[in-house]
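Visitor: Fit chains X, L and U with the ligands to the given chain B structure using the hints.
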Amino acid sequence: MQAKRQIKLPEHIIEIVSDSGEGAQKAAVTFAEASAKMGNGLWTVEVIPSEIQPPPHTTGATSGNRIRLADRPVSNAGDYANLVVAFNEMALLSRIEAEVLADDVVVLIDSIWANHEDAEIRKQYKEILDGIREKGGSVYEIPMEEETLQVVEDPYRGKNMWCVGVLAFLYKRDMDLLKEIVAKTFRKKSEEVLEQNITLLERGYAWGEKNLDFQYVIDVFATDIPQVVMNGNTAIALGSIAAGFKICSMYPITPATSASHALAEVMEQFGGMIHQAEDEIAAAGVAVGANYAGVPTVTITSGPGMALKTEFQGLAAMTETPLVIVDVQRGGPSTGLPTKIEQGDLLHALYGSPGDSPKIVISPSTIEECFHIMTTARKLAEEFRAPVIVLSDANLATGQQLFNRPVLSEDSLPPPIDQNPVPAGTLPFDWDETTGLSRRLIPGQPGGTSVTTGLNHARTGKVVYDYGSNQMGHRMRSRKLAALKQALTPPRVYGDEEGDLLIVGWGSTRGAIEEAVDRARAQGHSVSALNIQFLHPLQPGLKEIFSRYRKVMTVELNYSDDWGDPLIDEETRRYSQLAIVLRAQTLVDVDCWSRVPGRPFMPVEIYRVIIAEMAKLNGQVRPQTKTDTKQEREISHGVASYR
Amino acid sequence: MQAKRQIKLPEHIIEIVSDSGEGAQKAAVTFAEASAKMGNGLWTVEVIPSEIQPPPHTTGATSGNRIRLADRPVSNAGDYANLVVAFNEMALLSRIEAEVLADDVVVLIDSIWANHEDAEIRKQYKEILDGIREKGGSVYEIPMEEETLQVVEDPYRGKNMWCVGVLAFLYKRDMDLLKEIVAKTFRKKSEEVLEQNITLLERGYAWGEKNLDFQYVIDVFATDIPQVVMNGNTAIALGSIAAGFKICSMYPITPATSASHALAEVMEQFGGMIHQAEDEIAAAGVAVGANYAGVPTVTITSGPGMALKTEFQGLAAMTETPLVIVDVQRGGPSTGLPTKIEQGDLLHALYGSPGDSPKIVISPSTIEECFHIMTTARKLAEEFRAPVIVLSDANLATGQQLFNRPVLSEDSLPPPIDQNPVPAGTLPFDWDETTGLSRRLIPGQPGGTSVTTGLNHARTGKVVYDYGSNQMGHRMRSRKLAALKQALTPPRVYGDEEGDLLIVGWGSTRGAIEEAVDRARAQGHSVSALNIQFLHPLQPGLKEIFSRYRKVMTVELNYSDDWGDPLIDEETRRYSQLAIVLRAQTLVDVDCWSRVPGRPFMPVEIYRVIIAEMAKLNGQVRPQTKTDTKQEREISHGVASYR
Amino acid sequence: MASLAIDEFVENQCGVQLHELQEYEADIPRWCKGCGDHGVLSILQRLLYNEQVNPENVVTVSGIGCSSRLPHYLKTYGFHGIHGRALPISLGVALARPDLRVITAMGDGDCFSIGAGHWVHTLRYNPRIMAIVMDNEVYALTKNQVSPTSPAGAITNTTPYGAYLKGLNPLSVILGVTNVSFLAQSATWLPVHLEDTLRKAWHHRGMAFVRILTRCPVFMPASFGADGSVFPAIFLENPEGIPVNKGILRTAPTEAHDHRDLHAAQRMALREDGAPMGLLYWNPDLPSYEEVRRSHTKELDRAALISAMNAQLDKYAVQ
Amino acid sequence: MASLAIDEFVENQCGVQLHELQEYEADIPRWCKGCGDHGVLSILQRLLYNEQVNPENVVTVSGIGCSSRLPHYLKTYGFHGIHGRALPISLGVALARPDLRVITAMGDGDCFSIGAGHWVHTLRYNPRIMAIVMDNEVYALTKNQVSPTSPAGAITNTTPYGAYLKGLNPLSVILGVTNVSFLAQSATWLPVHLEDTLRKAWHHRGMAFVRILTRCPVFMPASFGADGSVFPAIFLENPEGIPVNKGILRTAPTEAHDHRDLHAAQRMALREDGAPMGLLYWNPDLPSYEEVRRSHTKELDRAALISAMNAQLDKYAVQ
Ligand SMILES: Cc1ncc(C[n+]2csc(CCOP(=O)(O)OP(=O)(O)O)c2C)c(N)n1
Ligand SMILES: Cc1ncc(C[n+]2csc(CCOP(=O)(O)OP(=O)(O)O)c2C)c(N)n1
Ligand code: SF4
Ligand code: SF4
Ligand SMILES: [Mg+2]
Ligand SMILES: [Mg+2]
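Residue numbers (this note's numbering), protein chains in the order written: chain B, 1 to 643; chain X, 1 to 643; chain L, 1 to 319; chain U, 1 to 319.
Source of the hints: derived by calculation from the structure; they are not laboratory data.
What you are looking at is a predicted structure, and each value in this text was computed from that prediction instead of being measured.
Note that beta-carbon positions come from the ideal geometry of N, C-alpha and C, so glycine has one too.
Check each hint, because a few of them may be wrong.
No farther apart than 30 angstroms at their CA atoms in a straight line, the calculated lysine-lysine pairs in the DSSO-like style are these [as the list claims (entries may be wrong)]:
| id | chain 1 | residue 1 | chain 2 | residue 2 |
| --- | --- | --- | --- | --- |
| 1 | X | Lys26 | X | Lys8 |
| 2 | X | Lys184 | L | Lys298 |
| 3 | U | Lys298 | L | Lys166 |
| 4 | X | Lys485 | B | Lys616 |
| 5 | X | Lys179 | U | Lys315 |
| 6 | X | Lys551 | B | Lys485 |
| 7 | L | Lys143 | U | Lys315 |
Residues from chain L shown here face chain U by an in silico Cβ test under 7 angstroms; the list is partial [unchecked claim]:
| id | residue |
| --- | --- |
| 8 | Leu18 |
| 9 | His19 |
| 10 | Leu21 |
| 11 | Gly117 |
| 12 | Arg124 |
| 13 | Tyr164 |
| 14 | Ser172 |
| 15 | Thr178 |
| 16 | Ala264 |
| 17 | Arg267 |
| 18 | Val292 |
| 19 | Arg294 |
| 20 | Ser295 |
Extracted from the complex, chain B is given alone in its bound form (with noise of 0.2 angstroms):
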């Protein structure tokens, strides 16, 4: 056999894509698995169709993984696709349309549908590949359906293991590690299932071999620390356990409810339980009683879910009972789009409840965040006897990556329930005049049997009704928060500590942020990011960065006005949700650039924004910070075709 013409590439973007239950997803999986396993630093992201079961062979059925690869730890999914397995030409163009693929993009497609019966399908298989010939790539019409019958009958069962074979001897993959991954994968199938899938990434490997003439070599580091890898729900989950959380109380939603699989399956070895409750109300019911009866409990949901916590939130903040709620976050307004990505809850965590509620509001900003998060959330909703609302969101909750195996210890479980006796007539509310804290009595405890109230009280936990109990009461509640603001540091910045342009975000954009803001830099520009774990309270120091900034501007996924459009004035536009806290607590003119394009952003479109603004700084005529694909295009010039 000849020597393979070997690519050397820091990284690739992989996509894999068929129709919804072909089992691309399956393939991405067992091939990412073994990349991490062998050592690639890797981020992994859903296709997910729109329907359970969509009409096959449409652009609406793709449903696959994006699986970015490469010689360093990666924090995003990166911009364009550079290699794309299709199973079919409309898979194929879901993705062109999309616009995620790289003009030199290589594509391997399943070669039957060049001589398909139907002349509908032959024609529009070659316009589709004409057009990404013309584009500059390259297409690889291989074999799939047809190699697969020669293993199994139904070669919807099989082609992915197949083109996993493929992709084995494209990327140089241990075929070792890849076998006892689909053994793992088919453990509960029958022995001829797993052997035949053994067979299929055997011969897939072997075509490769035969018929293609390059390899890409993509370096694997080295490290010393044990590393896992798993997506941002279950690290929610399995951190969830890790913090000590006995009950997760909730009921199912888009995109939350994988994590509540997650615990599903273990929680009950863990002495604890998962209980689906009659609605995200009761849920959060549920948790307000177990968490007041000593017991940590968190409830899991998203949007929607959310808008029906919001009186238990108020009844949290002011009877002081811990209160863990996991947001992760998708498409709004109202039901929106509830598998896709966005960052519309902030505003909501922190003001949606009635009255002066004051609560925590955190954001992870990666997977490895998602796991350890939860310790936090509980650890502070216990000392500071408040709601801590966790806002994660629907990129982190499929996206995988890899990260150091956390370390676990004691020290991340709360401590026993405290059932020792206090003296009698021991304050429920006992607060501290300077930081609002107090201790919490637990039902149980002999000396403390005290009356918790959602009505203004005195410290007695009695009811109260006049001025300077009232206001006493908003003062603690709200002190808590000053106190720990001062426990907390200025965030980081990324980059140089002073300069032209902070791009200012929070939660899963950081990993593009910050990857947009090495390019830049790379290139001369004066840009630095930020990301802000801490919303509510704002982490302290915000506005001596931004001082050091000619401009200062938040990218986020949620909506805002744009510059530019029709009405759209310094008057009237309405701006981005992190946007609007920065500018009240800072005074500073933070700008802002958003999109709710229902999928994480692309380091480039974040690029392409810096690079507009600093043409602006610059005094250059760049007026448009707007990425300009087809739907931009679209909706400023009021093309149709989406309606």
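Guide: Okay, now just chains X, L and U with the ligands, sitting in the frame of chain B:
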């Protein structure tokens, strides 16, 4: 009979207080109605006990009314009471403790307690009255019970009218008018009861004539414009009918419910109805359904109910269904202070719903506006196809004020339900690209069948999942607010258009703020006031207005941390709600002074804040802007009395 | 004149305009192959066609779930609301517009779980709506979580070791609610029976509640028997009820049932030996909530409204 | 040694520390004179005293309403929650701490109206809580609005011309819910019967639901007969049930009732000739939700938790 000393006054503040159930409220309402009909300016406000039937003869049992009577229209309940009619000394004490009595207050109190069998009562009676006299007040011990028993057997059912008689003498009220009103009040009772009450009224008057040597003279003011007098919840009820609302779907909650009571009384006569739903979510759902079907429907609630309507607010925003929600704000957070005033729901109204759910938020500042705002709200909801939140509060709800009798015309009524045929294929969301506005299709309309969904949708109403359409939908919903804002005018400054200090408020604090500003201006201070009625979108021109003052601050009935409190500095301070909104919008360093006293502000409290701020602006040392009520002192000094 | 007569003729004939079956079809349904919801949709379309209902006078309201997608596919005015709240929205439409007809489409989670409060209370109000629940005993749209009606032991993503409780019997809950006026049960694999059931419901005066046993082959293939024909059912027989048409369930027993007797209906609802199919309970005499409420309201024209309003203001007038 | 023996004696005697009645008394109740809630409170206090329950091991949860003020007056750990949500909070306590006992105090509006969804579902879960509803057939705290249980025609502030619907019968709803395990009814003017009823409820294994007919003399004086003695009641007799103790209702009939028979209970619940007083339904064998759930959970000490956690992480480990 000797001529009485005639004391001419521009205004007087009277309080009538008794144990709950003794009828002080009825006495006050009767007296106030007569005064209104005679042509005095007027504001009344209820003194409400915390429980339905608190233990009698305790401060917690105090029930009654404050009546501010003037020779000109008045806009708020004023400062310290000038005259108190107290049925017992504990009722009086509760007002002393609330620090709402003038030092030179005139007290009329039932003399029966002076000789009560219980030595403890005799003692506290004496002490309390001595205290009044010491401060400079005067006390008239009057034989309320003794006199009443001459007419009825149960003094609890008669003292009140006897007192009205005394007041009628003191304030030279028209007795014929009073008798008419009493006749109306007791129209459902027996002839005997009515006669007894008239007799009591007459005997009270006679007693005053015989025993008191002075009378107050408060001129009436002449107006050609017919006047009405009612409280804010009645104004909202009648205003809703005048606005053409046909259905009010609600769930009881204090202090909103009395608006629904008023509607329940009359709505069926107008072809409408109120529907008491099983909860606030259902109340909102019924309103969404009915509005979708073309029938103007309002839902009325307060804080905890708002929390439960959060999800439906989002649905209305997303489906562009007109939905008017009246929030009669009460003390929060959570159940808070259910009967008391607060302005704590502004941020919830703006930002409560997850995702970007643009809403229109407006707030009446007078009882007259409570009436008219309902037509504005309905029209805005329909024209802009959006949720409209009307923020009233417990002060407006129960306060009574004279205002110009509304001139009714068919203009305020909605057009008949649009059932005109539309061409097949008419789009249900045919957004104008500039304004975001579109014509609503209404069930039953020939040619208009289409689906309305809370999922992201195109102009066709159909569900779509792509970037472009999601961005477009968000843009169009947001653009409507820009379009509305461009149609609004800047708020009018009260006082000079420029100067040292601008006090900004919203809602019911308007009267007290403007009165405080008047006083400060009379003293030569350069201070003006601004009331903002459109809170979302904000009325335009604010930044420009603010730029004309050295300092801008809000005064609000909600919580903010105070300068000078432990741990509170520029970093940690949590601002009051409107201040947050204004800071983000204008980037002006808008300060705030806010409190949660559970009662309306007295103008003098705001006046003191102004004076303190002016001193600071003029470089004088007067750092504290706190009022120095007893409660405030306690809070600062950590006194335990309210524990 | 002859021409006038012809005009009149045309108007008379065409005034009763014939609606075609496809007039009830909107988007192509996006449910899975084999999903029971397809059957419900097509039978609803057939019902409206057979009844020659003007689709413009129908509002189809739903919550959120696979089943709640129905308004997108049934060509009427559709309102696809939020999870659990289809009934209040429907009640709003019914109260506002008694001239329209309302169909409420829900899933088992939508109606019996998050919507349970509205379920109980809307039954009590008894508005004229045809409420159908496509009960597949699972949360399908969110991908396989336990539902109140999931049988004990059901393996789902939130009960990976089996559901902890016996499934909720929605029939017995419904029959416990004061003012319930119509309850029937059918199944998607009994198309003729289902159409007859929905027709009966359509002509009911108040709230007609129909539970439709509906297969979700993707997430709950085991429910209702792998092969429908072995599903234990009891067909209810009554001359006034729903014609017994057993379709694939030919071996199922038939029992006489007095659907006017609430006690009998409650007993029938609790039967564990088979699912009662047909009309469980019917009270045709109970007025609908709209009827009750509108019997108290006075209709005024715009001018009369203004003067009635003025009469109200008089009560608060000064002088 | 003698001294040791004395110590032991003291410990033995005092270890079973006697709780005094006043140990169950907290704040002075702020209900109106004549309010039925007073009776419920004092009987609860008597029950806990007679049962010698340690008040520190009881959590009393309530919603919002006059009746929901109860936790302020009953000295236990009290949680005065939000309107309609007492049951989920109670379930949380019960799930978290099977070592504690839970009393849930609600009003008719709180439980049957805004809380209806939780009502149905918590009955189905069957946690070990004693749930009592002080049903005064009106919204009292908010000053006189119609409640689901208000009788038709009731004049309230939201129904000034009379309530439109027949009152909801909560008993029949409850008995329609799968897994219901205990339902009893009593009244505040039957103190002995009420205490016996609550005692029976206290010893039940799962969710013991007690509807207590409670007078609100301020807003609903007409309910339950102006003079309690003419109130139409039927006392349920069963050796295993609640002793028939008619108090003021001496002329009321007694009927034998098999509270283990759900059909019989459902029939009894629907009786219109009198309110059934006593134990309507009892299934002492149904395990509580906590029992069911905890039979699946494994208790680990802290070290074992860490290693089990590590085993989980292994599944996601790289290399
Ligand atoms: C407030 C809220 N909670 C949760 C969800 C998520 N959700 C959507 S559909 C659904 C349940 C679907 O089950 P079912 O009602 O039985 O309908 P099916 O899909 O089985 O037809 C849930 C929990 C939501 N959209 N909104
Ligand atoms: C979410 C919410 N809605 C409404 C209210 C107002 N509210 C307080 S108590 C109550 C009903 C009281 O009736 P019930 O439950 O029968 O108790 P009762 O006062 O009669 O004992 C209502 C509607 C509230 N506090 N919270
Ligand atoms: S998942 Fe189940 S319920 Fe949903 S469309 Fe598919 S078969 Fe139907
Ligand atoms: S209003 Fe009625 S329920 Fe409330 S305390 Fe008074 S009597 Fe009791
Ligand atoms: Mg279902
Ligand atoms: Mg009640």
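Visitor: If a hint holds in the structure, say so; if it doesn't, say that too.
Guide: Consistency of the hints with the structure:
1. Under the criterion of a C-alpha separation no larger than 30 angstroms, the hint pairing Lys26 of chain X with Lys8 of chain X is consistent with the structure, at around 27 angstroms.
2. Proximity of Lys184 of chain X to Lys298 of chain L is assessed by CA-CA distance (about 26 angstroms); at most 30 angstroms being required, the pair is judged to hold.
3. A C-alpha spacing of about 23 angstroms is found between Lys298 of chain U and Lys166 of chain L, which places the hinted pair at or below 30 angstroms, so the restraint holds.
4. Note on Lys485 of chain X and Lys616 of chain B: the hinted pairing holds, with a Cα-Cα distance of about 28 angstroms set against a maximum of 30 angstroms.
5. For the suggested pair Lys179 of chain X and Lys315 of chain U, the alpha carbons sit about 87 angstroms apart, so the restraint of at most 30 angstroms is broken.
6. About 27 angstroms separates the Cα atoms of Lys551 of chain X and Lys485 of chain B, which keeps this hinted pair within 30 angstroms; it holds.
7. With a C-alpha separation of about 24 angstroms, the suggested pair Lys143 of chain L and Lys315 of chain U falls inside the 30 angstroms cut-off, and the hint holds.
8. The criterion of a C-beta within 7 angstroms of any C-beta in chain U is not met by Leu18 of chain L, whose closest approach is roughly 40 angstroms, and the hint is violated.
9. Hint status for His19 of chain L relative to chain U: violated, with the closest Cβ pair at about 36 angstroms, above 7 angstroms.
10. The beta carbon of Leu21 of chain L is not positioned within 7 angstroms of any beta carbon in chain U (closest approach about 38 angstroms), and the interface hint is therefore violated.
11. A cut of 7 angstroms between beta carbons decides the hint on Gly117 of chain L: the least distance to chain U is about 4 angstroms, and the hint holds.
12. The criterion of a C-beta within 7 angstroms of any C-beta in chain U is met by Arg124 of chain L, whose closest approach is roughly 6 angstroms, and the hint holds.
13. Because the closest C-beta pair between Tyr164 of chain L and chain U is about 5 angstroms apart, less than 7 angstroms, the hint holds.
14. Proximity of Ser172 of chain L to chain U holds as hinted, the smallest CB-CB distance being about 4 angstroms (cut-off 7 angstroms).
15. A distance limit of 7 angstroms between C-beta atoms decides the matter here; for Thr178 of chain L the minimum to chain U is near 5 angstroms, and the interface restraint holds.
16. Given hint, Ala264 of chain L at the interface with chain U, is violated; its Cβ is 10 angstroms from that chain's nearest Cβ, farther than 7 angstroms.
17. Checking Arg267 of chain L against chain U: minimum C-beta separation of about 6 angstroms stays under 7 angstroms; hint holds.
18. Proximity of Val292 of chain L to chain U holds as hinted, the smallest CB-CB distance being about 5 angstroms (cut-off 7 angstroms).
19. With a cut of 7 angstroms, the hint placing Arg294 of chain L at the interface with chain U is violated, because the nearest CB-to-CB distance is about 11 angstroms.
20. The interface hint given for Ser295 of chain L is broken, as the beta carbon of that residue sits about 9 angstroms from the closest beta carbon of chain U, more than 7 angstroms.
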